[in-house]
Amino acid sequence: METLIGLLVAAPLLGAGVLLTGGRRFDRTGHLLGTLFALLSFVFGMVLFVNMLGKNADDRALHSHLFTWVPVEGFQAQVGFQLDQLSMTFVLLITGVGTLIHIYSIGYMEHDERRRRFFGYLNLFLAAMLLLVLADNYLLLYAGWEGVGLASYLLIGFWQHKPSAATAAKKAFLVNRVGDMGLSIGIMLMFTTFGSFAFSNVLPRAAQAAGTQHATITGIGFMLLLAACGKSAQVPLQSWLGDAMEGPTPVSALIHAATMVTAGVYLIVRSGAIFNAAPDAQTAVVTVGAVTLLFGAIVGCAKDDIKKALAGSTMSQIGYMIMAAGLGPIGYVFAIMHLVTHGFFKAGLFLGAGSVMHGMNDEVDMRRYGGLRKFMPITFVTFGLGYLAIIGFPGLSGFFSKDKIIEAAYAKGGTEGWILGSAALLGAAITAFYMTRVMLMTFFGEKRWVPDAEGHEPHPHESPKSMTVPMIILAFGSVFAGGLFSINSSFVKWLEPVTGHSEGNSPVSTGTVTAATMVCLVIGVGIAWLMYGRRSVPAVAPRGSLVTRAARRDLLQDDFNHVVLVRGGEHLTRSLVYLDHSLVDGVVNGSAASVGGLSGRLRRLQNGYVRSYAVSMLGGTAVVVAATLLMRAV
Amino acid sequence: MSAALHTGPAVHSMWTSAASTTDRFPTPHIEYAQLSPVLIVFGVAMVGVLAEAFVPRRSRYTAQVVLAIVGLAAAFAAVVALAEKGYGTTKAHIAAMGAVAVDGPALFLQGTILLVALVAVFTFAERRLDPMAHGQHVDSFAAQGSAVPGGDQEKAAVRAGFTTTEVFPLLLFAVGGMLIFPAANDLLTLFVALEVFSLPLYILCALARRNRLMSQEAAVKYFLLGAFSSAFLLFGIALLYGYAGSVSYSGISSVIDGTAKITPALADTTGNDALLLIGIAMVTVGLLFKVGAVPFHMWTPDVYQGAPTPVTGFMAAATKVAAFGALLRLLYVVLPGMRWDWRPVMWGVAIATMIAGAVIAVTQTDVKRLLAYSSVAHAGFILAGVIATDKDGVSSVLFYLAAYSFVTLGAFAVVTLVRDAGGEATHLSRWAGLGRRSPLVAAVFAVFLLAFAGIPLTSGFAGKFAVFKAAAQGGAMPLVIVGVISSAIAAFFYIRVIVLMFFSEPKADGPSVAVPSPLTSTAIAVGVAVTLVLGLAPQYFLDLADKAGVFVR
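So the sequences go chain by chain: A and B.
For the first sequence, my numbering gives the first residue as 298, with consecutive numbering after it.
For the second sequence, my numbering gives the first residue as 49, with consecutive numbering after it.
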């Protein structure tokens, strides 16, 4: 069984290797090969899952040590895997959704010349993401972390001929560097404090040292939070996610909705022991989560680009997860549960959006959609189910997972609990609003279609089977996953041995929370219907209020970054360049010139006459003899 | 030479025991098995000479190439077998009546030389690069060495399709001498070995097919200066004999240590420090000439440039290995007691060599001369390791030599590929934009240049790190600093070539890259493989060098 863990990672890695180095000979079969490797990985995952279910809850974790990466005295970096219930959950999500999206991409990327490369990158992503969640130490996790960053960069910029895609890729990469820096500093701090990278050493020691090394552990917590902010697009490092929608839609679904962006949540839940020992860091985590869940929701309300609206929504939903993860043992399980259900419905929504774009000449502006439900019924139904799931319609997945988070927020207790709970409730209302808006603008109302730049009239049609089947499967997940997890608290029991769980004591009853959520839901949907269902949608966006305009510009995030970071950076660069030119170059060029001059002069000694060479040898010998004798005399 | 080997010990033992009664003339006792690498090489070289006389002209080339490859491979197998039996470590001892040492450094260097020679045979045997002459494939060597360049006789020889297949036996004789050189355990054997490997090299240098005048000029220069340096070496040997009454390494070192019984007949001169110091200086000069240390380096650029490029590659790699081996043994076995006398002088030489080699290379415009100066600078780096005078010094030098020799061989093999109508296009300006037209060849050359520059992940880095570490531990910090500075200067011209190849516009009438036969491709591939393996996973080879780092006394 242990070997199978390695194969889990190796299969997509092999796929990436074959597809990226194999060259044109795989052009015709590359997409099938890539899908096969993803499927293989999923099958391995299922085998491991069944095997794990057969064991006692307390000894389900598997460990597999492969080799010593850096064998230096006092710095032992190991390559080893740890498969426990938490990793298993991720493995199934990554390989399952990953395989579906591979299948979807076969249809979606059919006409792309570089399809083989696309599948190679997708395989690379799967391998890196699996490495991230299977690593048994932070250093190896970091390798996976950087690997998914690379895959994300390559895939956002996949259509590199579009300057906007190239810029978006660069932006994602740069913003992620900030977060990655946090992770690397965090890991260094861990190593100096606990002398190890392994989860099995760091986490228990962090729990023990809570009293004595409070400041260091808090520092580590903040650094891990910074890392999570970068990868999971949380405020203040959220600016890259909207632009990342420049990548092909399957990428947005897999990487920028279902899996990679949730790596931050994984990191925080995995490092639970550290955060439990650092309450200040936990407060920071919930704050970031609460701010982002509102921030993303507000941005999502104002976007007319369907993918960017969904990206805002992703940000907001991950905000929920981060907040839950920051609540400590009362929230860990629900963070992961929401992560999984979100993986289903958000991937489904993105695939639906992709399907719409596929039928509409790659148009992304929702103001140019309208009335599509008759033309693409399967997309409409699957998208609609995803929509009901995300707004938390009773009985569907989102209802169970989001409610639990809101409850847990109240259960935190005190003023903090009230603020967080209310923010989560408000977020639920806004979610209902913007998702209804997306739904109405896309599938209802009158047609607002316009020909594309080359004058082709759109002819909306249902997408091919390879695209609709994954959407249908994901829709099943969106509908049933939440309920399945909640029956008999099965998900809580599943994860509890790894993350720990406590109920907390909520000041408000479960019934009250559910009722309040329903009210919020109705209000959100109602306002959206009043604005976009009853009235017709103008083809050109109205100017809108100050808030709307700010939200369209991602609440001025880019402007803030530009003024504070870019301008500041430019000034710093300019002064450094000046210093470099005047001082450093002066020294460098000066020494280069003097070496060159010396070289030219010495070169003249080499005149080609054997007699002068002999003289120089004689002289040299005389000097050597004299010096040897002199040494004795001194 | 094999005759010299048989009688050598007898003669020498007669000399070393000059004071004893000369009525007994001991039967020489030779450990044939332990000398088998050398004996195989010489034996095959003899067979090569016979083949030259008796094998028909058309099958000579094949016969000679096969002979050389089989002979060198067999000799290498013999070296490995000896090392396996423990002759490099526990069973290390002095064979052939005190004339030849069989120990770790000797076997390590002999193995390196044999591998280098084996790869060099591939470049020697290359016959696809030059255009066919009168329907015959031709190699880098003159059709007939004795013909006057440009004369009627030469034209006739070319027309008749003559080739100088004698280069293979010559190569083998040189290799035989080089095998003895680092193993020589008395000064006379040292001198004889030096001559045995030098003379074939002089001839090989003169045999270029193109630019024959330049080639002959290079050979004459090399010969004259080599003879000059041999004279110094021999004079030094005479002085040391005068000092110690013995030419054997152990004999001299025991006189230096004061543990030897002084023979009454020689009591006048024995222990005279003036003789010792001047003798040391002169013998060292003879060896420094061979390694190309400043100020005895002036032959290198001219000879490297003029010699046929395969010969240059072989010479640059193997001579350096052999000569540094001999220098190591001399300094570590004979003169450890004198280290306070020779170290300061060697410091000076090392510093001058590193700086001068790197600085002069900056303004070179010919790629072969550039590599020649680079080899001078590398001699300086290796000297820094030699000066460490401890076990780490030995093993770091051994590793450096193994690493450096394959880089050099590979780099010169690449030089043979870049050609225009006049043969090899060695002027650097002709290499502009090579990376655009022949990315693979340029990339391979770039790997070699990066290794020369000592960039991590190449063998050059591992080697440089090892010698500088040894030097620093041996208390030679200033040397390390100078070494690092000159490495920086050297990096400039290596990287400049890379920039030239990859970032300049190719010239319209630029040279083309000839498609080599599998022979040269193999040689280059071996060079790249060794460079990368020693750079990526050097530990095994560092351990090997470390195990081999003890001299037998």
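It should be emphasised that the hints constitute simulated quantities derived from the structure, not laboratory data.
Virtual Cβ for every residue (Gly too), placed ideally from N, Cα, C.
Any given hint might turn out to be false.
[To be verified] Selected chain B positions facing chain A (in silico; Cβ < 10 angstroms):
1) 309
2) 311
3) 315
4) 326
5) 342
Violated hints - listed by number, lowest first = As far as the earlier hints go, 1, 2, 3 are violated by this structure, in ascending order.
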